[in-house]
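Residues in the sequence shown are numbered consecutively from 1, following the UniProt record's numbering.
Take the hints with a grain of salt, since some may be wrong.
[Said to hold, decoys possible] Have a look at the derived ranges for each label pair, beta carbon to beta carbon: (1) Val-94 with Asp-194: 27 to 35 Å; (2) Glu-47 with Ala-81: 12 to 20 Å; (3) Gly-164 with Trp-127: 50 to 58 Å.
Hints are computed from structural coordinates only; laboratory data are not their basis.
No experiment lies behind these values; they were computed from the predicted model shown.
Beta carbons: idealized from backbone N, C-alpha and C, even for Gly.
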Amino acid sequence: MNFLLIIRDQTSPIGEKASPPSASAPFCEPERILKAYGYDVLASSVERDFRRKIREADAVVLQMPIPGIRVWANLTAKLKAVPLMWWCSEMTAVSSLASSKNEGEGEDDIPVDGILTPSMSANELHWALHLGAKHFLERRQWMEERTQLISRLEERKWIDHAKGILCEINRISEAEAYEVLRKRAMNERKRIVDISALIVKAHQQLKT
């Protein structure tokens, strides 16, 4: 993981005086710290610029309070699958706490894969990014499994609805209704769920 893209929320201070990577510096610029540790760093705070630069990034570093994270996380997900790391400085931490109290923003479902802080050493940053990348892969796998599960549940609804219609109209059992769906799907070279959807929609049109 060599190329990092830093995203600053437009409401965050930009162009602060650079500080050395120490915990005592409240506005440490992540660019300076990450570059000093050997990473190639790009930065952006504008969506159009971000869309161009994300192509080169191995990970995105979000330098902003928590309420701004979800918007950028959603945009990132549409453009490229990369780990999301939160730059948790004194400024972003304090702003996040204030926002969560004022707006009731949840803190348990932040869509990030890890946290980076200005006080981290080169080795600490390396391992934080490494573990963040691992968490990202696990999160991505979980999301894919969740999507597949939701899709299967939706398909089951169509099939069960179609079986119910066939049972009612033809006065047959569920097993026989499923066999009707299966044979028609084979004959028309379509999926059973597609045949089921056609039957359900045709039945609904007849009832209206």
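Using the Cβ atoms, figure out if Val-94 sits within 27 to 35 Å of Asp-194. violated, 54 Å
Do the beta carbons of Gly-164 and Trp-127 sit within 50 to 58 Å of each other? Given about 55 Å between the Cβ atoms, the range holds.
Between the beta carbons of Glu-47 and Ala-81, is the distance compatible with 12 to 20 Å? holds, 18 Å
Going down the numbered hints, you'll see the structure goes against just number 1.
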